[in-house]
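Student: From first to last, the protein sequence lines are chains A and B. With numbering that gives the first Met the number 0, the residue at position 59 of the first sequence is 58, and numbering never jumps. With numbering that gives the first Met the number 0, the residue at position 207 of the second sequence is 206, and numbering never jumps.
Hints were generated in silico from the structure; no laboratory data involved. Glycine included, each C-beta is placed from N, C-alpha and C at the ideal position. A few of these clues could be false.
Stated by the list, open to error - Derived pair list, reagent style SDA-like, types lysine to any residue, alpha-carbon separation capped at 20 Å:
1. K299/A <-> G154/B
2. K299/B <-> G154/A
3. K299/A <-> P157/B
4. K299/A <-> D153/B
5. K299/B <-> E155/A
6. K299/B <-> D153/A
7. K299/B <-> S109/A
8. K299/B <-> P157/A
Unchecked claim - Label-pair ranges, simulated between beta-carbon atoms:
9. F26/B <-> P75/A: 57 to 63 Å
10. R134/A <-> H288/B: 54 to 60 Å
11. D37/A <-> E30/B: 53 to 59 Å
12. C41/A <-> N4/B: 35 to 41 Å
13. R198/B <-> R306/A: 29 to 35 Å
Unchecked claim - Listing some non-contacts, in silico: residues in chain B with all C-beta distances to chain A over 10 Å:
14. S40
15. P59
16. R62
17. V74
18. E120
19. E191
20. P205
21. A223
22. S231
23. G269
There are 2 protein chains.
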Amino acid sequence: MITANLPQRIQINDVAVRDGFQSEPAFVPTEEKIKLIDRLSCTGLAKIEVTSFVSPKAIPNLRDAAEVMQGITRVPGVTYVALVPNERGCERAQAAAVDEINLVMSIGESHNLANMRMTCEQSLEQFRGVMKLVRGSAMRVNGTVATAFGCPFDGEQPLYRVLWAAEQYLGMGMHSITLADTTGMAHPRQVEQVTRAFRNAFPDVPLTLHFHNTRGMGLANALAGAAAGALSFDASLGGIGGCPFAPGATGNICTEDLVHMFDACGIATGVDLDALLTVARDLPAIVGHEVPGQVMRSGKRTELYARPAA
Amino acid sequence: MITANLPQRIQINDVAVRDGFQSEPAFVPTEEKIKLIDRLSCTGLAKIEVTSFVSPKAIPNLRDAAEVMQGITRVPGVTYVALVPNERGCERAQAAAVDEINLVMSIGESHNLANMRMTCEQSLEQFRGVMKLVRGSAMRVNGTVATAFGCPFDGEQPLYRVLWAAEQYLGMGMHSITLADTTGMAHPRQVEQVTRAFRNAFPDVPLTLHFHNTRGMGLANALAGAAAGALSFDASLGGIGGCPFAPGATGNICTEDLVHMFDACGIATGVDLDALLTVARDLPAIVGHEVPGQVMRSGKRTELYARPAA
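Work out the full structure: start from the sequences and follow the hints.
Tutor: Quick look at the structure:
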């Protein structure tokens, strides 16, 4: 039985402003980003990944990382996260006083080479440098195990490699771990197995699951993850974004669709779904195109229609 | 734990030619329908809902029901199903020698009125007439409990009403039951509860679950249904179709995406996914527009890409 095992309370994190806007064809103006983050801050999300302190040449869409961090109004209780690729990025993140940085390595060597232009060993070496900078500061560090559920070049990753990466991260002092299905290869049985193995290996480590809907299984995977005891989920407003370097990869799971499903199942997310839907419905105007989210179009399952005249 | 409860083998039924083509803006030529059914017949699907013996005025797209039935090449082991609204339809279905007819009533009274222009009691009366015609013939009868997981006008339906409808159907001699989420209101916890209740009440009755992906939960619902012991699932090639009378309702779950998920989870469907994908990829050309299926675009999760040059 699935639903007997579902947790009573989970947390939802939004990555749209970073993961979504990063791969938009057009630059989203800084003030639009700030306005969106400020609106998201009031919906009950646990974390918002607001930007990435990467080279503006690598990702021009996020060249305004410092301005975004400076411009937003921080809501107590919300963790503002920035992705950081290296020590230089970490210093910029520290200067911007982000609450948490996110370090990402793909355990698929070929994907890490394609995406980060580094071997996994080189990524870990970078991370060690970052952790030295962070030591003693209040800034928290989340380590993302990308391609945890499969690499589009190297295929499914063995479980020990997921646990190996997590162990490396935790050994450096990272505070929490995200297992990311970077190119949408995860399936429910695998999600359940990996999640349970992770929780058995690291019962006290905060775990986030990050799914893509590339093959339509995104919410099924989230359900399987929750049933296996995961308590934190990444998603992207409107379902925008995805990994721009992964062939065929489209779409993070959609935040409001995810909240809608968990709400329906009686799992508290702390998110005000109506408020979130209001924000989501303004997203197409911001990015200039339709977005994959479905509940923003169909309405919530509890929204009834007037009976047709007889 | 979900996946420990998943069945080893399930069956998949396709409804695209009936439920999908019925609501297409353009009439799909009879020979295209026949060709598509014949291709689907060779993929390992258990049932194919090929047409509806309704009034050509009500659904002009399916005015060629008899020609379609006559034109197809029946593959042994595949059950060819036609939807039938009344005795006249039943006689036409008998003349066409369909293997199984499908009778549909929405348990949401308002939806049944809007969709069928009948009260539930009037629908059941029609069904009694149909069952009299069928008695003694080899033709099987499936009863669909539509809006089983919620009516867009009347809201969530109480469990007893689902069981009441099933009991009415079975009392008339119907052979199998489909619980249909006609407008995409089901959620996983509800699916599990309803499926378990049904199986407890009618342990020997073949049960099919029919989901829509209106709010993105389609495959999550199928997973929950399978974990609760459902062994038969409807879906639509490419995810086409939906209920044309239901406001905001779009999209059956996609057959090849469903098979892909179950395959990945190690559940045998009997369907040749590669063959099915080949057929699905020809669907946009047949209907003249893109379709919602995702695996047809992304490829299977096991399809790897060449490593980028270093």
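Student: Hints first: check each against the structure and report whether it holds.
Tutor: Evaluated hints:
1. K299/A <-> G154/B: 11 Å, holds
2. K299/B <-> G154/A: 11 Å, holds
3. K299/A <-> P157/B: 19 Å, holds
4. K299/A <-> D153/B: 14 Å, holds
5. K299/B <-> E155/A: Distance of about 12 Å is within 20 Å: holds.
6. K299/B <-> D153/A: Cα-Cα ~14 Å, so holds.
7. K299/B <-> S109/A: 19 Å, holds
8. K299/B <-> P157/A: 19 Å, holds
9. F26/B <-> P75/A: 57 to 63 Å: 60 Å, holds
10. R134/A <-> H288/B: 54 to 60 Å: Holds, at about 56 Å.
11. D37/A <-> E30/B: 53 to 59 Å: 58 Å, holds
12. C41/A <-> N4/B: 35 to 41 Å: For C41/A and N4/B the Cβ distance comes to about 40 Å; the hint holds.
13. R198/B <-> R306/A: 29 to 35 Å: Taking Cβ atoms as reference, R198/B and R306/A lie about 32 Å apart, which means the hint holds.
14. S40: At roughly 24 Å from the nearest Cβ of chain A, S40/B sits farther out than 10 Å, so the non-interface label holds.
15. P59: 21 Å, holds
16. R62: 25 Å, holds
17. V74: Per Cβ check, V74/B is outside 10 Å of chain A; nearest 27 Å; holds.
18. E120: Check passes; 16 Å lies beyond 10 Å.
19. E191: Violated: least Cβ distance 5 Å, not greater than 10 Å.
20. P205: 22 Å, holds
21. A223: About 6 Å separates A223/B from the closest Cβ of chain A, which leaves it inside 10 Å; violated.
22. S231: For S231/B, whose nearest Cβ neighbour in chain A is about 18 Å away, the distance exceeds 10 Å, so it holds.
23. G269: 18 Å, holds
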